[in-house]
Every structure is written in structure tokens, then in C-alpha cells.
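Residues per chain are reported as follows:
4 protein chains.
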Amino acid sequence: MSETATGKPFVSESRVRVRYAETDQMGVVYHANYLVWFEVGRVEFIRKLGMDYRSMEHEDGIGIAVVDVSARYKYPARYDDELVIETRLVAARGAVVKFGYRIVRAADHMLLCEGETVHVVVGKDMKKRLLPEKYAKRFAAVLIS
Amino acid sequence: MSETATGKPFVSESRVRVRYAETDQMGVVYHANYLVWFEVGRVEFIRKLGMDYRSMEHEDGIGIAVVDVSARYKYPARYDDELVIETRLVAARGAVVKFGYRIVRAADHMLLCEGETVHVVVGKDMKKRLLPEKYAKRFAAVLIS
Amino acid sequence: MSETATGKPFVSESRVRVRYAETDQMGVVYHANYLVWFEVGRVEFIRKLGMDYRSMEHEDGIGIAVVDVSARYKYPARYDDELVIETRLVAARGAVVKFGYRIVRAADHMLLCEGETVHVVVGKDMKKRLLPEKYAKRFAAVLIS
Amino acid sequence: MSETATGKPFVSESRVRVRYAETDQMGVVYHANYLVWFEVGRVEFIRKLGMDYRSMEHEDGIGIAVVDVSARYKYPARYDDELVIETRLVAARGAVVKFGYRIVRAADHMLLCEGETVHVVVGKDMKKRLLPEKYAKRFAAVLIS
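Protein sequence lines correspond, in order, to chains U, P, Y and C.
At position 95 of the first sequence the residue is numbered 95 (my numbering), and the sequence of numbers has no breaks.
At position 39 of the second sequence the residue is numbered 39 (my numbering), and the sequence of numbers has no breaks.
At position 71 of the third sequence the residue is numbered 71 (my numbering), and the sequence of numbers has no breaks.
At position 119 of the fourth sequence the residue is numbered 119 (my numbering), and the sequence of numbers has no breaks.
Heads up, some of the hints might be wrong.
Repeated chains share a single entry, so a pair holds when one copy, or any two copies, can fit it.
[As the list claims (entries may be wrong)] Cross-link-like lysine to any residue pairs, in silico, SDA-like; alpha carbons within 20 angstroms at most: (1) Lys124 <-> His58; (2) Lys127 <-> Gly27; (3) Lys128 <-> Val18; (4) Lys48 <-> Asp68; (5) Lys127 <-> Leu111; (6) Lys98 <-> Ser70; (7) Lys74 <-> Ala141; (8) Lys98 <-> Val36; (9) Lys137 <-> Glu114; (10) Lys98 <-> Asp68; (11) Lys124 <-> Arg17; (12) Lys124 <-> His109; (13) Lys134 <-> Glu114; (14) Lys124 <-> Tyr75; (15) Lys124 <-> Gly61; (16) Lys74 <-> Lys128; (17) Lys74 <-> Met126; (18) Lys124 <-> Glu57; (19) Lys98 <-> Val18; (20) Lys98 <-> Tyr75; (21) Lys127 <-> Val67; (22) Lys127 <-> Met110; (23) Lys74 <-> Gly94; (24) Lys98 <-> Glu114; (25) Lys74 <-> Glu116; (26) Lys48 <-> Asp80; (27) Lys74 <-> Asp125; (28) Lys124 <-> Glu59.
The set of hints was computed from the structure by calculation and includes no laboratory data.
Based on the provided sequences and hints, a complete structural model is requested.
Structure (C-alpha cells):
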């Protein structure tokens, strides 16, 4: 992948527009929704690597369960704002995968929120499993060194 | 069940308190959340009949898929309001079950919303199935005639 | 607008991709989320008419409160499905506005859900108000006759 | 407050039952919902101190905006589980308030999730403000020393 060949980490960008349902009575986005957007970014990241989270679940019987989440809120997103979710892979070793996120406002690139999620690869029984080799290889190729 | 013996329909009452996450920037509850509360009422209704939706799914392999929803919003619920969800069974025939709901504010019994949901009993393959006899009997006993 | 000039009603199309957060343990989309997608369609419809729901709230101090919702679920949407929300205006008279929706799967145009929402124009005090003339005109122009 | 007089920190307990809407297709609770439960715990904590978040917003014009969230997921919550949210105040200085949470399964006290939230007191303009004295005093009284 050229991004890693040039030494630049691979960053996937996804866009969402803030829905009315995502606001709260403070007039801004309710904070838990950023975690949903992290997931939107994560799924797109995986798709852009040529993989597909849906078939990881259906065909390989694995899931990527969240075990750790953190987020820092810098500035509130508001209704109808268009947002860019920047997602990058931070670590992938054995059964553990870690992603990092930045959510910026599309209009002026203002940073609204950043965060990380740590995941453990699990089988349908919710027990830990190694990430299958075919996925591990692609993750390794875009890992921020 | 005494309620039906006396000719009065069985109405299950559940309580919820409005969460901050459930409000929107209009300062009231976002309308889709009432459907979640209908479900809270429906589950409690089933539990009060001595059944358990969780084991209906796990042990009997059936689900109660929603096929039709309607709701009329009379007055907005607000953050931190305590609400009473009144649930009753309206119909149960073959694979079809219908519930009715009234959501009232606990403080003054003001009616905020009323609605209905129609369900079809399905197997794990999402295909229509008859409601197992043991459930059908209990539903029949509390049906509003 | 050419659509009405030719006698065809104006239908706005919006796209969403099903998020993991929107699924439930039945393995399909939780039914209340369709109401959120109706709202996504409604906002886009208004934007395509050259109006902006955000400024309707901020500049004109009006909101479009939901007073009635109905939905029929035909076939379940699943995780990662791309969906098209088709929105049309069904009525707009005085303080009342009514929209109709069809949600179809992008891949094969299969109809998953259809529904209607009825709204009342309200001021910041949640009291009924007439729809300002500038909006009423544009709505009238695309009304299905 | 006797809890602090005896040197034991004040811990508020709230109960929730997992809703169907809160599960995802992995068959467990979607991780973002724990943040909503943290908020349920936080509001109850404040209520048990004899304060009321609703009137903090309405009468004092202040909000408690979330600026930092972290959560560790130990074991999945499942549909219909009854959960206990244990909330304690970890810090309260100037405009900053920090809460800690443990979410345990009521049936067997199994720890499912723990986390922290950091908040900044803001006015209606979303600008930082000192916590009014009357609230600061009560928070100080139950602070874990």
C-alpha cells in the first residue's frame, strides 16, 4: 500500500452528518454517539483494506469485541454538521487490535473529538481467538510503525 | 387471572425515567424513543403473565418480530420525567400478536403518547411460525374481549 | 420544479448504511431506527427544496414536531446494508405537514419498510404556529396532488 | 453525611434492566450504551445528594458537559439482565468534576464494566463556569479523600 511505502500511515476518512436523534437538550450531540461514529470509521477502515466486517462475522465466525474505549471531547458537534471521521490502526498483535480516531468538522477541519478503542478478536462463543492470518497480514501492512 | 374474571382487561404497568440521552435539541424526548418504551412495556407484560421473552428466544427459538407500529404524540415527555407505560394485549391469533400502549406522566397521569404494535411470531430464520401452545393459552386468558 | 411540471411528484432520495449499533440480537435492524431514517429523509427532502431545517429552528424559531407516526415492516434490513430512503410530501395545510417514506435496499430495490409521519409546526414554546409563508410556498409547489 | 464521617466514600446505586434496543447482533449489549448508563448513575448520584440536575440546568443555567470518557469492558451484559450502576465522585475542583462507575450484574455481582467521566461546568453558551457554591459544598462533602 503506497501510504506505508512512503512512510505515511494509512488513514481512512468517513463522513457522517449529525442526525436530529443524536442531539440532546443541551443543543449539542450527546457524547455516546461519538462511539457509534468511531465504529462507522472502523468499519470503513476495514472495508478500504479490502476486507469486510460482515463476512468476518458470517464466514469466519469471528467478532471484534470492544474491551476498552476512551474519548476526549474538544468542541461540540451540532445538528446537521458534516463530520469527517479519521481512523487509523494503532496496534494489531495476536488477538488484540487497537484503533485511533479523530472527528473533525468538515467545514473548517476543527477537531471535535479524538479517541481510541481496543478490541479483542472473539469467536461466536465470545471467547478470545487469534485474528485469522489473512486479516492479520493486511492489518500489519498498514500499521503505524 | 382475576382481571379477566371480573371482565377488566389485564393492563401491565412499567416505569421508566427519561434519560438525558433520550432528549433532543428541541428540549423534549426524541419521538423514536417511545417505541423503545413500548418494548419495555411489552416485555414486562409478558413477564407478568409468567413468561419470559428471553427464554422464548433461547429455549423455543422464536422471536416476536414487529411488523407494524403506530404512535400518536399528545404532549412531550421531558428529561427526568417519570413515566408509566400501560400495556395491554389487543389480539393474539395464529402467528399474529397485537399490543396497545399508553404512556402517561407519573406525576399527574397526563397522557403523553399512545400506540399499537403488531407482531408476527418468527423462527430463527425470520420465517413465520405459530405461537407455541403454552404461550398462546396465556395470551388468550388476558385478551381484551 | 420540473418534477411537478411533468405531473410526477417530487421524491427525495437519501442513502444510509446500516450501523452495527442499529442491529439487535435478532440479527436485524431494531425497528425504532427506521424512524430515525425517516427523519434523515425528511431533512434531506427539505434541503433539496432549498430550505434548511437548522435555520428554520434558529432563524425562524419554529420546529416541526412529530404528532403521528406509522410504519409497516416488510423485510428486515441487516448490518452494513446500504439503504435508500425515498421521501415525499403528502400534505401541507396550515400548521400540519405530512410526509411519506419508502425504505428500499440499494442492492436490489427490495422494499423493507414504508411509513408516514404527521407534524405540527410549533414555536419554541411547543405551541402550534402556522408554517411561515416562505416555506409554505415551496412545500405547496411539490405537493402530490 | 454519615458515609464520609465513617471514612467510607459515598457510592450511589442505580438499577437498569437491559432493553432489547440496547443489544446488537453479536447478542450482547452494544458498548456505547454503557455511557448512557453511566449518565443514569450520575443523575441518581446527584439526586441522592439532594440536588437535581434538571433544576441545575433550568434554574442555575449550568450544564455538566462531558470532556473525557473511558470505559473497560470486562464481561458482556445481555438482554434482560438486571444491572447495578455504582457511581462515586472522584474529584470536584473549580469547574471540573470527575465521576467513577462500576456496572455489575445484579444476580451475581459480576463486574461487567468500569469507567470514568470528566466534566466541565458550562453555562448555556457552552463556556466554562465555576460550579456554584451550593453544589460545590455538597460535592466536597462526599468526595473520596
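Right, here's what the structure says about each hint:
{"no.": "1", "hint": "Lys124 <-> His58", "in the structure": "both (10 angstroms within a copy, 15 angstroms between copies)"}
{"no.": "2", "hint": "Lys127 <-> Gly27", "in the structure": "between (41 angstroms within a copy, 13 angstroms between copies)"}
{"no.": "3", "hint": "Lys128 <-> Val18", "in the structure": "neither (35 angstroms within a copy, 24 angstroms between copies)"}
{"no.": "4", "hint": "Lys48 <-> Asp68", "in the structure": "neither (24 angstroms within a copy, 29 angstroms between copies)"}
{"no.": "5", "hint": "Lys127 <-> Leu111", "in the structure": "between (36 angstroms within a copy, 17 angstroms between copies)"}
{"no.": "6", "hint": "Lys98 <-> Ser70", "in the structure": "both (11 angstroms within a copy, 15 angstroms between copies)"}
{"no.": "7", "hint": "Lys74 <-> Ala141", "in the structure": "neither (31 angstroms within a copy, 30 angstroms between copies)"}
{"no.": "8", "hint": "Lys98 <-> Val36", "in the structure": "within (16 angstroms within a copy, 23 angstroms between copies)"}
{"no.": "9", "hint": "Lys137 <-> Glu114", "in the structure": "neither (27 angstroms within a copy, 33 angstroms between copies)"}
{"no.": "10", "hint": "Lys98 <-> Asp68", "in the structure": "both (9 angstroms within a copy, 19 angstroms between copies)"}
{"no.": "11", "hint": "Lys124 <-> Arg17", "in the structure": "neither (33 angstroms within a copy, 24 angstroms between copies)"}
{"no.": "12", "hint": "Lys124 <-> His109", "in the structure": "neither (39 angstroms within a copy, 24 angstroms between copies)"}
{"no.": "13", "hint": "Lys134 <-> Glu114", "in the structure": "neither (29 angstroms within a copy, 33 angstroms between copies)"}
{"no.": "14", "hint": "Lys124 <-> Tyr75", "in the structure": "between (38 angstroms within a copy, 14 angstroms between copies)"}
{"no.": "15", "hint": "Lys124 <-> Gly61", "in the structure": "both (6 angstroms within a copy, 17 angstroms between copies)"}
{"no.": "16", "hint": "Lys74 <-> Lys128", "in the structure": "between (34 angstroms within a copy, 12 angstroms between copies)"}
{"no.": "17", "hint": "Lys74 <-> Met126", "in the structure": "between (34 angstroms within a copy, 12 angstroms between copies)"}
{"no.": "18", "hint": "Lys124 <-> Glu57", "in the structure": "both (8 angstroms within a copy, 17 angstroms between copies)"}
{"no.": "19", "hint": "Lys98 <-> Val18", "in the structure": "neither (25 angstroms within a copy, 23 angstroms between copies)"}
{"no.": "20", "hint": "Lys98 <-> Tyr75", "in the structure": "between (24 angstroms within a copy, 18 angstroms between copies)"}
{"no.": "21", "hint": "Lys127 <-> Val67", "in the structure": "within (12 angstroms within a copy, 33 angstroms between copies)"}
{"no.": "22", "hint": "Lys127 <-> Met110", "in the structure": "between (40 angstroms within a copy, 17 angstroms between copies)"}
{"no.": "23", "hint": "Lys74 <-> Gly94", "in the structure": "between (33 angstroms within a copy, 19 angstroms between copies)"}
{"no.": "24", "hint": "Lys98 <-> Glu114", "in the structure": "both (14 angstroms within a copy, 19 angstroms between copies)"}
{"no.": "25", "hint": "Lys74 <-> Glu116", "in the structure": "both (15 angstroms within a copy, 17 angstroms between copies)"}
{"no.": "26", "hint": "Lys48 <-> Asp80", "in the structure": "between (26 angstroms within a copy, 14 angstroms between copies)"}
{"no.": "27", "hint": "Lys74 <-> Asp125", "in the structure": "between (38 angstroms within a copy, 15 angstroms between copies)"}
{"no.": "28", "hint": "Lys124 <-> Glu59", "in the structure": "both (11 angstroms within a copy, 18 angstroms between copies)"}
Violated hints, in rising order: 3, 4, 7, 9, 11, 12, 13, 19; the structure is consistent with all others.
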